[in-house]
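Take these sequences, add in the hints, and give me the full structure.
Sequence order for the protein chains is A and B. Position 57 of the first sequence, counted from 1, bears residue number 56 in numbering that gives the first Met the number 0, the numbering being contiguous throughout. Position 10 of the second sequence, counted from 1, bears residue number 9 in numbering that gives the first Met the number 0, the numbering being contiguous throughout.
In case anyone wonders, no lab produced these hints; they're calculated from the structure. Hints should not be assumed to be uniformly reliable.
Computed footprint of chain B on chain A, listed as stretches where at least three residues anywhere in the stretch have a Cβ under 8 Å from a Cβ of chain B [to be verified]: (1) 75 to 81; (2) 86 to 93; (3) 103 to 109; (4) 152 to 158.
Where a beta carbon is used, it is the ideal one built from N, C-alpha and C, also for glycine.
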Amino acid sequence: MLQIKQVAKAFSGFQAIVNADLTVSKGQVVAVIGPNGAGKSTLFNLITGHLRPDKGHISFKGEEIGGLSPHDICRKGVARSFQLINIFPRLNTFENVQVAVLARYRKSNKLFTPARKLVVEETNDVLNKLGLIPYRERLCNSLSYGDQKVLELAIALGSQPEILLLDEPTAGMSPEETRTIVKLIKNLAQNEGLTILLTEHDMDLVFDVAERLMVLHQGQTIAEGSPAEVRRDKAVQNAYLGETG
Amino acid sequence: MQLRRIIPWIMLAVLLVLPPVLPRYYLYLLASIFVIALLATSLNFILGFGGLLQLHHAVFFGVGAYTFSILLLKTPLPFVVAVVAGPVAAAFTALLIGWFCVRSRGLYFGMLTLALGQLVWAVIFRWSALTGGDDGLHGIPVPEVFNSLKTAYYVTLTVLTVCLAVLYLILKSPFGLTLMATRDNPVRSESVGINIRRHRLAAFVIAGFFAGIAGVLFVLVEKSVSPSLLSWSKSAEIMIMCLLGGLTTFYGPALGAGIIVFLSMKVGTYTEYWLLVLGIILLVLVLLLPQGILGFLAEKYSGRDGDKGRWGKDASD
Numbered sequence: 000m001l002q003i004k005q006v007a008k009a010f011s012g013f014q015a016i017v018n019a020d021l022t023v024s025k026g027q028v029v030a031v032i033g034p035n036g037a038g039k040s041t042l043f044n045l046i047t048g049h050l051r052p053d054k055g056h057i058s059f060k061g062e063e064i065g066g067l068s069p070h071d072i073c074r075k076g077v078a079r080s081f082q083l084i085n086i087f088p089r090l091n092t093f094e095n096v097q098v099a100v101l102a103r104y105r106k107s108n109k110l111f112t113p114a115r116k117l118v119v120e121e122t123n124d125v126l127n128k129l130g131l132i133p134y135r136e137r138l139c140n141s142l143s144y145g146d147q148k149v150l151e152l153a154i155a156l157g158s159q160p161e162i163l164l165l166d167e168p169t170a171g172m173s174p175e176e177t178r179t180i181v182k183l184i185k186n187l188a189q190n191e192g193l194t195i196l197l198t199e200h201d202m203d204l205v206f207d208v209a210e211r212l213m214v215l216h217q218g219q220t221i222a223e224g225s226p227a228e229v230r231r232d233k234a235v236q237n238a239y240l241g242e243t244g
Numbered sequence: 000m001q002l003r004r005i006i007p008w009i010m011l012a013v014l015l016v017l018p019p020v021l022p023r024y025y026l027y028l029l030a031s032i033f034v035i036a037l038l039a040t041s042l043n044f045i046l047g048f049g050g051l052l053q054l055h056h057a058v059f060f061g062v063g064a065y066t067f068s069i070l071l072l073k074t075p076l077p078f079v080v081a082v083v084a085g086p087v088a089a090a091f092t093a094l095l096i097g098w099f100c101v102r103s104r105g106l107y108f109g110m111l112t113l114a115l116g117q118l119v120w121a122v123i124f125r126w127s128a129l130t131g132g133d134d135g136l137h138g139i140p141v142p143e144v145f146n147s148l149k150t151a152y153y154v155t156l157t158v159l160t161v162c163l164a165v166l167y168l169i170l171k172s173p174f175g176l177t178l179m180a181t182r183d184n185p186v187r188s189e190s191v192g193i194n195i196r197r198h199r200l201a202a203f204v205i206a207g208f209f210a211g212i213a214g215v216l217f218v219l220v221e222k223s224v225s226p227s228l229l230s231w232s233k234s235a236e237i238m239i240m241c242l243l244g245g246l247t248t249f250y251g252p253a254l255g256a257g258i259i260v261f262l263s264m265k266v267g268t269y270t271e272y273w274l275l276v277l278g279i280i281l282l283v284l285v286l287l288l289p290q291g292i293l294g295f296l297a298e299k300y301s302g303r304d305g306d307k308g309r310w311g312k313d314a315s316d
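Pasting the structure below:
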């Protein structure tokens, strides 16, 4: 479904991604892991069009998407959440998701129909899936950190993507909030059949939810395979798992 | 909450029944306020709700007014054509200027609006044969009915009401919601599939169109135009109106326009130093009421619309 081949990206001399390879098949949950500064977020930004790759190919469903604009890539079915909370602070919870749903149905440019009458069901559906219905009317500034993080996920789901990219979905969360998110991710993968690509620091979580792993080290893919294979991989043990025990 | 919905209607009712009891001077003053209220509201459409630092909005006001005047004065075209041509020309100018501006963000966006706007000003200022240059154009032959101040009053009030209603509808539409989303978080907007450049450009053009309507109204009231209509200081003045009324409120800019136009005319009869007074207003505003009058009230009496003296932060993205 998503294929990344020999992608490279440099920032004014610093080679953030040297050579990254990754294959994600339909319905899989795949995790990209690696130490801080390995280039995980950069890789995500390359996939979603926030950065343009210097070299290599990124293809989605057989179509080259490297270098397209973020909104074009989103319209092809790739949605993402962000590591730091990245929501619409002055809209309420419902509107936050509605903005994404409207864009999904190409209704963002409607000028004279009241927005409150459009895509209500679809939006409620997403809110319901993530348990955000009680906060529908709340200005999302006033939500707790954990709920904002869930909203972050809800906005991404509002785009009704075929593949969902989650950049550190549990960063900064309490153990309890983390459990909620893990449950949501598993639910999305198993019941909705959503393809998910995520980065995560929490190794327990990664080995719990991911079916495949890709290990990024200093901008380079050093291993790709099932969790068991990756655990056994010598290069990985040296570069990464070894360090953290 | 209920009260807030009724107040605009009460205002409208009062304004509708006032003319028979008002002296001519106040009819004129109010008609002038209606014109500028529309201009300020159109600016706030992109400034407050779109988060775009439009520093030279008066340009579209001027283009609308000049197009209308020139067509009436120098061509045999019928009045209706001139009326339509004003806002259309303003919208077209907005499309040209906006096409460049939406490619940059924050302060750079603002500097571009200023630079390109000054270019339009220079053309109008220099092209004396067409525009009358520094002197402007006077004695615009508007249909005779507009010679009555009462007619001008009712026409400007009606057009203002209709335009505000349309702008309000747009803000409540998916287009408006999406516009506010691009204001709040451009990066995230892109990520959910919104073409923010195109969306911002569309908003820019809509704002220009309504500023053009205000330009036509201005000529109907004043029957003359001059380059000062689209001077930089005019743009600053309407921006101050928006700030004074409240950037995140819908009626704020109209209220701001009322206060500033009223004061400028009153103060003008006592002293030449209107700009000094304006400066003091701005100072007090920034220090005491950063969210504007209606923004302050909204914050005080309800949860929403208010707060957010955060606009400055968003504008720098």
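Q: Count the residues of the stretch 103 to 109 of chain A whose CB lies closer than 8 Å to any CB of chain B, then report whether that count reaches three.
A: With 5 residues closer than 8 Å to chain B, the stretch 103 to 109 of chain A meets the three-residue bar; holds.
**Q.** Given coverage of the stretch 75 to 81 of chain A by chain B, tested with a Cβ cutoff of 8 Å and a minimum of 3 residues
**A.** Check passed, 3 qualifying residues.
Q: Count the residues of the stretch 152 to 158 of chain A whose CB lies closer than 8 Å to any CB of chain B, then report whether that count reaches three.
A: Coverage by chain B holds for the stretch 152 to 158 of chain A (4 residues, Cβ < 8 Å).
Q: Quick one: see if chain B covers the stretch 86 to 93 of chain A, three-plus residues with Cβ-Cβ under 8 Å.
A: holds (count 5)
The structure shown violates none of the earlier numbered hints.
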